[in-house]
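Colleague: If you read the sequences in order, they're chains A and B.
Here the working numbering runs 1059 ahead of the position in the first sequence, where the first position is 1.
Position 90 of the second sequence, counting from 1, maps to 84 under the working numbering, and the rest follow consecutively.
By construction, these hints were calculated from the structure, which means they are not laboratory data.
Don't take each hint at face value.
[As the list claims (entries may be wrong)] Residues from chain B that keep clear of chain A, each with C-beta distances beyond 10 Å, as calculated:
1) T11
2) G395
3) G429
4) A446
[Claimed, not checked] Computed list of lysine-lysine pairs in PhoX-like fashion (alpha-carbon distance at most 25 Å, straight line):
5) A:K1349 to A:K1310
6) A:K1128 to A:K1158
7) A:K1158 to A:K1406
8) A:K1233 to A:K1267
9) A:K1406 to A:K1349
10) A:K1070 to B:K141
11) A:K1267 to A:K1310
12) A:K1070 to B:K70
13) B:K426 to B:K358
14) A:K1406 to A:K1289
15) B:K70 to A:K1071
16) A:K1128 to A:K1289
17) A:K1070 to B:K64
18) A:K1289 to A:K1158
19) A:K1071 to B:K358
20) A:K1233 to A:K1212
21) B:K141 to B:K64
22) A:K1071 to B:K64
[Said to hold, decoys possible] Pairwise CB distance ranges (calculated):
23) A:R1273 to B:D216: 31 to 39 Å
24) B:S382 to A:K1406: 53 to 61 Å
25) A:E1076 to B:H434: 15 to 23 Å
26) A:W1113 to B:L338: 53 to 61 Å
27) A:P1268 to B:M(-5): 31 to 39 Å
28) B:E95 to A:A1106: 32 to 40 Å
It should be emphasised that the depicted structure is a prediction, and the values quoted were computed from it without experimental measurement.
Ideal placement from N, C-alpha and C gives every residue a C-beta, glycine not left out.
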Amino acid sequence: MSSQLSAAGEKKHRLHEALERSHEHVPPATWVDVRSVMVGTLLWVLALNVGAIWYLANHSPNRGPRVIKTKWRLLDEAPHGTNMLVLGDSSGLRGVVPKILNERLGVQAINLGTTRRMLVTTDAWMLERFIARHGAPERVLVVHVYEVWHGDKDWLVSAMADIPMNWGFWERMKPASPLLPSDQFRVFLNRYVPLYADNQSLATLFQKPWKAARYFASIGVDETGYMPIKSANPREVEADRARNLAAVRGKTFVMSGMNRMALERIRELAEAHGFDVYLANSPLYEGLYKEPEFKAYYQQVQGALRAFTATSPRLHYIAQEPWTFRKDQLENCDHVTEPASVIYTNKLADEIRRLKTLPPRPRT
Amino acid sequence: MLFNSFVFICFFAMVYTTYLLLQGRVRWQNVLIMVASFIFYGYWNWKFLILVFLSAILDYLAGLGMEVVKRPGWRKAILLGSVCVNLGIFGFFKYWNFFTESAAQLLTRFGFQADFVTLNIILPLGISFSTFQSLSYTIDVYRRELKAVRNPIDYLAYVTYFPQMVAGPIERGTNLITQFLTPRIISPAQAHAGLFLVLQGYFKKVVVADNVGLIVNRVFSDLPGFQGLDLVIGALAFAVQIYGDFSGYSDIARGMAKLMGFELMMNFRNPFFALSPQDFWRRWHISLSTWLRDYLYIPLGGNRHGQLRTYLSLLTTMLLGGLWHGAAWHFVAWGAYHGCLLALYRAFDRDPQDMDLWSGHRHKAYVLAKMGLMFVLTQIGWVLFRVSTVSEAVYLFTHAGLQTSPVTLELAHGLLFFAAPLFVIECWQYAKRDGLAPVHLPMLWRTPVYAALLAWMCIFGVRNSLEFIYFQF
Chain A
1060 MSSQLSAAGE
1070 KKHRLHEALE
1080 RSHEHVPPAT
1090 WVDVRSVMVG
1100 TLLWVLALNV
1110 GAIWYLANHS
1120 PNRGPRVIKT
1130 KWRLLDEAPH
1140 GTNMLVLGDS
1150 SGLRGVVPKI
1160 LNERLGVQAI
1170 NLGTTRRMLV
1180 TTDAWMLERF
1190 IARHGAPERV
1200 LVVHVYEVWH
1210 GDKDWLVSAM
1220 ADIPMNWGFW
1230 ERMKPASPLL
1240 PSDQFRVFLN
1250 RYVPLYADNQ
1260 SLATLFQKPW
1270 KAARYFASIG
1280 VDETGYMPIK
1290 SANPREVEAD
1300 RARNLAAVRG
1310 KTFVMSGMNR
1320 MALERIRELA
1330 EAHGFDVYLA
1340 NSPLYEGLYK
1350 EPEFKAYYQQ
1360 VQGALRAFTA
1370 TSPRLHYIAQ
1380 EPWTFRKDQL
1390 ENCDHVTEPA
1400 SVIYTNKLAD
1410 EIRRLKTLPP
1420 RPRT
Chain B
-5 MLFNSFVFIC
5 FFAMVYTTYL
15 LLQGRVRWQN
25 VLIMVASFIF
35 YGYWNWKFLI
45 LVFLSAILDY
55 LAGLGMEVVK
65 RPGWRKAILL
75 GSVCVNLGIF
85 GFFKYWNFFT
95 ESAAQLLTRF
105 GFQADFVTLN
115 IILPLGISFS
125 TFQSLSYTID
135 VYRRELKAVR
145 NPIDYLAYVT
155 YFPQMVAGPI
165 ERGTNLITQF
175 LTPRIISPAQ
185 AHAGLFLVLQ
195 GYFKKVVVAD
205 NVGLIVNRVF
215 SDLPGFQGLD
225 LVIGALAFAV
235 QIYGDFSGYS
245 DIARGMAKLM
255 GFELMMNFRN
265 PFFALSPQDF
275 WRRWHISLST
285 WLRDYLYIPL
295 GGNRHGQLRT
305 YLSLLTTMLL
315 GGLWHGAAWH
325 FVAWGAYHGC
335 LLALYRAFDR
345 DPQDMDLWSG
355 HRHKAYVLAK
365 MGLMFVLTQI
375 GWVLFRVSTV
385 SEAVYLFTHA
395 GLQTSPVTLE
405 LAHGLLFFAA
415 PLFVIECWQY
425 AKRDGLAPVH
435 LPMLWRTPVY
445 AALLAWMCIF
455 GVRNSLEFIY
465 FQF
């Protein structure tokens, strides 16, 4: 060093070094110490991650994953004698009351509706799993909001980690949904590394701990799988209307390949096991449905579903002209409040009763 | 290539692995550093690599020239040539439009119609830092404090060293070049400290600065949309943001350098605890303030020519320091403000320079009050620094107050939540008078503290992270 510095430079350098040392004291360490610190830190992070997995499984502020897990548990532990399944997204979860179906149709129904991210694919998977565990149902009602029908694999990948089945189930179930390695990595992160992947839920907990008690409370799904909404939110309905309109503006509807394959699988199961499947449009905000642009898009969805249900006598398309509601009956454009869900379910029951259907095959 | 990007982490992992494989072969390690630095810089804009290369080669030749030539006049001419080229490039890219537009505006006020050419100039990344670093080399060689580097690779590796190339610390040849010429031995103690600095730096950046930055951007993008207390919170948030951002960058740079066996100079030393402007500049951006002291303030006369000349030197140095940050009048105002503060404190503050909370020179309450006053004064400066125009600063100063709005609580909560961990670390380091205080914890405590920092980064790290503020300079 001294060969490069003159005496003046050397002096300046030493002063500089002395100043640095007075403000930063590097403690002695061995390579074993360094490795121990690194391994110890990683073990702690691992432990925190395991804690986060446990916490979020039971108390996540994000209700979506909790709903999905609850519904799969309900599917596995369905009450004896269950013979009608309500499948679909959150519009069905919030809008279909199994107790009313039981009274009106003389069935024993459970509501397995989850979220829109699950697409129709998980309807098919749930149905297959139900048949494997409990035998075929007599009736299956599938309720989806219009936008689900064009949803593709990307939606499903984001929610796949929440489905409580063993790794690789997406290839074992029908329709199979093979994932790219990058998607599998995403599912892995979502399922096993919530510290990174579900950071928003954890952030909410730490930033607003006074709300934690709310997350420890039940998510409000009753024993039949129905999740009522207590109060309307007209302002959100209007905001959601604008979002929906923007989403369909200038778009042409095409049913996604994933959903088509799932419908075909449902049809295959219905025909093989002899039960009826009712595809129903979700409840809808009247202010949205009266928009010509929206209606034009919606008609394309109706056309596609009508064409598909015409392919089998076991398939029925009900609520084709969607039943609309006022904003004081809704939480958003397709989530009805509890009183409105009674109206919606009764209308569904009326229409199912009016349909002439083939007799169900004895349960297998 | 941002430090807080996945690309950079992969890049560093590859470079570091190769670097370790070349351990003991200094020249090859320097070649690797040079190539890696060019890739690092070229990833932003490869066209500017030519500029970086040419200006570095010029300074390298200037250094050699000053060593070969014996006549003082020729040596001075070479130095002047190097300074002019460096400042010429710097001035053109950074100040051309600023000065032409300002001159045009001034002439228009006096009734003249001026039509200067303004250019669509891209500011080369980190030009302010690299220019000052290059200048320090040639000046030190001229002053014969440093011998010129013989091998161009060693010089290029020094001047483009990627951990500190774009946002400092502004290294001196006397500190860093010598390290490029001797074998680097990575000691476990150094690696341990380096790992901590990297961890701390990332924490300061992605957890503290980026989250608080969201508050800052919200408030400063719509000043009239907020009430008095919101403006105060926005201003306070900026102080936290800029410190977290810039010192975070410096920590990462220093940490990475330690892992490679280098020692970069300390750039920050708990500046929120400063008691006077002099003390503040001994704690804030130390590599710049000492550069300005050694290469501008002292050559301007320093304190050797009476009070008035000293004040003038201080004001000039800080004005230019402000302008170094950016080509805008609010930076000039910020520099002038700090120059005035330095002069005022120099005139009236009689407390000893080494006073702190524990030194016993004064009652602790007095020291705390003085610290509080300095914090407020610095805060005023940060407003000048953050605004886009001087009129925005005027608006903020005239409207800041205690009036609340429906978002006041949310803003305050956000600021407190993210500033609190930083505050705790700072207090700890200040109390221990040691920037590496957490490294001294027993292993049983150290690992959970490090894990907490990592977990906090995973949970609260802003994924679409903002660029480091000082990259623009």
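Colleague: Give me the numbers of the hints this structure contradicts, sorted from smallest to largest.
Modeller: 3, 4, 8, 11, 19 and 28
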